[in-house]
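> Given the coordinates of chain A, assemble chain B onto it according to the supplied hints.
Residue-level listing of the chains:
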Amino acid sequence: MFRNLSYKSQRIIIIIAFSLIPVALLFTLAYLPVFNMFRYSFTDWNGYSKQFDYVGFENYKTIFTDPKYFSVFKVSLYYFVGSFLQMGLALYFATILSFKVRFKNFFKGVLFFPYLLNGVAIGFIFLFFFRPDGTLDTLLQAIGLGHLSQGWLLNPNIINVSLAGASLWRYMGFNLIIFLGAISSIGKDVYEASDIDGANRWHQFRHIILPSIKNIIQLNMILAISGAISAFDIPYIMTGGSNGSNTFVIQTVDVAFKYGKLGMASAMAVVLLIIVIIVTLLQKILIKGEK
Amino acid sequence: MYQLKYRTASIFKYFTLILGAFMALVPIVVVLFASLKTGTEYNSTSPLSPPADWLNFANYTKAFVNGKMLLGFANTIFILIISIVGATLTGSMIAYILNRFKFRGKKLIMGAFLLATLIPSVTTQVSTYRIINAFDLVNTHFAPILLYLGTDIIAVYIFLQFLDSISESLDESAMLDGASYITIYFKIILPLLIPAIVTVVIIKGVSIYNDFYTPFLYMPSDHLQVISTALFKFKGPYGSQWEVICAAIMITIIPITLVFVSLQKYIYNGFEGSVK
Numbered sequence: 001m002f003r004n005l006s007y008k009s010q011r012i013i014i015i016i017a018f019s020l021i022p023v024a025l026l027f028t029l030a031y032l033p034v035f036n037m038f039r040y041s042f043t044d045w046n047g048y049s050k051q052f053d054y055v056g057f058e059n060y061k062t063i064f065t066d067p068k069y070f071s072v073f074k075v076s077l078y079y080f081v082g083s084f085l086q087m088g089l090a091l092y093f094a095t096i097l098s099f100k101v102r103f104k105n106f107f108k109g110v111l112f113f114p115y116l117l118n119g120v121a122i123g124f125i126f127l128f129f130f131r132p133d134g135t136l137d138t139l140l141q142a143i144g145l146g147h148l149s150q151g152w153l154l155n156p157n158i159i160n161v162s163l164a165g166a167s168l169w170r171y172m173g174f175n176l177i178i179f180l181g182a183i184s185s186i187g188k189d190v191y192e193a194s195d196i197d198g199a200n201r202w203h204q205f206r207h208i209i210l211p212s213i214k215n216i217i218q219l220n221m222i223l224a225i226s227g228a229i230s231a232f233d234i235p236y237i238m239t240g241g242s243n244g245s246n247t248f249v250i251q252t253v254d255v256a257f258k259y260g261k262l263g264m265a266s267a268m269a270v271v272l273l274i275i276v277i278i279v280t281l282l283q284k285i286l287i288k289g290e291k
Numbered sequence: 001m002y003q004l005k006y007r008t009a010s011i012f013k014y015f016t017l018i019l020g021a022f023m024a025l026v027p028i029v030v031v032l033f034a035s036l037k038t039g040t041e042y043n044s045t046s047p048l049s050p051p052a053d054w055l056n057f058a059n060y061t062k063a064f065v066n067g068k069m070l071l072g073f074a075n076t077i078f079i080l081i082i083s084i085v086g087a088t089l090t091g092s093m094i095a096y097i098l099n100r101f102k103f104r105g106k107k108l109i110m111g112a113f114l115l116a117t118l119i120p121s122v123t124t125q126v127s128t129y130r131i132i133n134a135f136d137l138v139n140t141h142f143a144p145i146l147l148y149l150g151t152d153i154i155a156v157y158i159f160l161q162f163l164d165s166i167s168e169s170l171d172e173s174a175m176l177d178g179a180s181y182i183t184i185y186f187k188i189i190l191p192l193l194i195p196a197i198v199t200v201v202i203i204k205g206v207s208i209y210n211d212f213y214t215p216f217l218y219m220p221s222d223h224l225q226v227i228s229t230a231l232f233k234f235k236g237p238y239g240s241q242w243e244v245i246c247a248a249i250m251i252t253i254i255p256i257t258l259v260f261v262s263l264q265k266y267i268y269n270g271f272e273g274s275v276k
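Line by line, the protein sequences are chains A and B.
Residue numbers for the first sequence, in full-length UniProt numbering: 1 to 291.
Residue numbers for the second sequence, in full-length UniProt numbering: 1 to 276.
So here's chain A without its partners, still in its complex pose (with noise of 0.2 Å):
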């Protein structure tokens, strides 16, 4: 049936037909979202009454003042500066794997897996590890470190530090196959003509990959910022966010859900965009400066 239109007839009907329904998602699911969203942040609705009232900026004021709300950037605090020890480990493991290395590919495969398994596995696993008389007692034990035992995930002053461990040992392994993906299109002669300069691993380190792989670096140290504030699976699954180990998405989600304040809800997340916005341009910026 297209055979016998022109091509140019043909271009105007596929070019219709095929971006309808993508763009058409796109502005249903991603763009009309966010713009109701700033919409409800001005109004006290509670999402189902017909009628709502546009409260101004009381919404935010709210955020900004009252300590309920504004404690959960502390706990944001606990995964960001977790993402970071595990984006060290992640450079040094695929640094080490990038050279030669015996069962290099089980190494690569038994590090990453973590990184696919499903979320509700994985609090399980961790409630189970961290439990009293549970995995990581009874390991110190083992090893003769028995009296740090404690409640991992009962006292408040670490719980935090024990769910951002679980989000350490889940997300390592992304990171470790992204930079071992960047490290990899270096170029081979650039190492064999530093060999024979005399540089040895920790020279190569530093002046090739550090420098070659410095976008994706930064990329990462975005993604970890952004992922710090928008951390949810982990201490919803585990603790739903008791004993102080809420976050800003938990927040949200029980405030929009459980409480009915639409309103408010929105209003955080219309907080939480702009954070990741901000920061997101700011490594575009960052990257760009530096080509």
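Note that these hints are calculated values from the structure, not bench results.
Incorrect hints may appear among the rest.
Restraint-style ranges between C-beta atoms, simulated for each label pair [unchecked claim]:
#, chain 1, residue 1, chain 2, residue 2, range
1, B, L19, A, Y48, 50 to 58 Å
2, B, V29, A, E58, 48 to 56 Å
3, B, L25, A, L20, 42 to 50 Å
4, A, L148, B, Q264, 31 to 39 Å
5, B, L170, A, L286, 36 to 44 Å
When the alpha-carbon atoms are kept at most 25 Å apart in a straight line, the in silico DSS-like pairs for lysine-lysine are as follows [said to hold, decoys possible]:
#, chain 1, residue 1, chain 2, residue 2
6, B, K102, A, K108
7, B, K265, A, K104
8, A, K214, A, K284
9, A, K8, B, K187
10, A, K258, B, K265
11, A, K188, B, K265
12, A, K50, A, K258
13, A, K188, B, K13
14, A, K8, B, K102
15, A, K104, B, K5
16, A, K100, B, K265
17, B, K106, A, K284
18, B, K106, A, K8
19, B, K13, A, K104
20, A, K8, B, K107
21, B, K13, A, K108
22, A, K214, B, K13
23, B, K5, A, K100
24, A, K100, B, K13
Given the structure is predicted, the values throughout are model-derived calculations rather than measurements.
Note that the Cβ used here is the ideal one computed from N, Cα and C, for glycine as well.
Frame of chain A; chain B shown alone:
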């Protein structure tokens, strides 16, 4: 002297690798151990000690049957197949026209897709929920399907990158034979995109299989449970029967392990491809 230094470095390297592998595996291996223990055995032994009987699958049967995990798998597979086929088709279609044609609004569409990557979906969940609700899709399979289709920007990128490497002279020679654009897309482009499709299917498939938030929020009904919400339900009633929970955890991990072991190469390629 040099050799001594070299050997110490080498020992250190393997020591850290083994330690890393140990840390990655221990949390999972102890779950495997616990899943094969009987209730009394579980209570009387340390988490680190292996099960007495490696073939004690009683907990697995219990978890599988009581947790209605078959239903979870069925729902997951249903959602997975429709979303992946849909995302591959729509993603490759938009990538095809963006890559091959010049038209007004092209830059705008490209920009709209780019800008959307800046919006973390988790921030807009509350108002996205209102929209899905307005379509009357909450508590149906189609809420997550629509969301998995709509938010897929990574797939578009992968296809765009791959299309660059497919020569346009192929299209042109088909046009000389009188093929329509539709024929070119289905008979030439789509088959040549297969490596990219494999990558998209894996990345997308893993994230859908593992997603907890979307089904948890949009499909609260029991009969709609997917594998991750089925697992989450063990939290309440089996609170103290860790050996059963551990079996349930293993049931969700086994399929992903099989996929990983058999498709390892493609998985790495997919991630490397998205870096470059």
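> Each hint should be assessed against the structure and marked as holding or not.
Status of each hint after checking the structure:
1. B:L19 <-> A:Y48: 50 to 58 Å: 53 Å, holds
2. B:V29 <-> A:E58: 48 to 56 Å: Roughly 52 Å apart at Cβ, these two residues keep to the hinted range, so it holds.
3. B:L25 <-> A:L20: 42 to 50 Å: 48 Å Cβ-Cβ, so the 42 to 50 Å window holds.
4. A:L148 <-> B:Q264: 31 to 39 Å: Roughly 37 Å apart at Cβ, these two residues keep to the hinted range, so it holds.
5. B:L170 <-> A:L286: 36 to 44 Å: 40 Å, holds
6. B:K102 <-> A:K108: Roughly 43 Å separates the two Cα atoms, so the pair is violated.
7. B:K265 <-> A:K104: Given that 25 Å is the threshold and the Cα spacing comes to 13 Å, the pair holds.
8. A:K214 <-> A:K284: Given that 25 Å is the threshold and the Cα spacing comes to 13 Å, the pair holds.
9. A:K8 <-> B:K187: 20 Å, holds
10. A:K258 <-> B:K265: It is violated: about 44 Å lies between the C-alpha atoms, which goes past 25 Å.
11. A:K188 <-> B:K265: 21 Å, holds
12. A:K50 <-> A:K258: Holds, at about 19 Å.
13. A:K188 <-> B:K13: Roughly 21 Å between the alpha carbons, so the hint for K188 (chain A) and K13 (chain B) holds.
14. A:K8 <-> B:K102: 12 Å, holds
15. A:K104 <-> B:K5: 22 Å, holds
16. A:K100 <-> B:K265: Cα-Cα ~19 Å, so holds.
17. B:K106 <-> A:K284: The hint holds at about 23 Å.
18. B:K106 <-> A:K8: Holds. K106 (chain B) to K8 (chain A) sits at ~17 Å (cutoff 25 Å).
19. B:K13 <-> A:K104: 12 Å, holds
20. A:K8 <-> B:K107: 20 Å, holds
21. B:K13 <-> A:K108: Holds, at about 14 Å.
22. A:K214 <-> B:K13: At roughly 23 Å apart (the allowed maximum being 25 Å), K13 (chain B) and K214 (chain A) satisfy the hint.
23. B:K5 <-> A:K100: 17 Å, holds
24. A:K100 <-> B:K13: Between K100 (chain A) and K13 (chain B) the Cα gap is close to 11 Å, so the pair holds against 25 Å.
Violation of the numbered hints given earlier is confined to hints 6 and 10; the remaining hints are satisfied by the structure.
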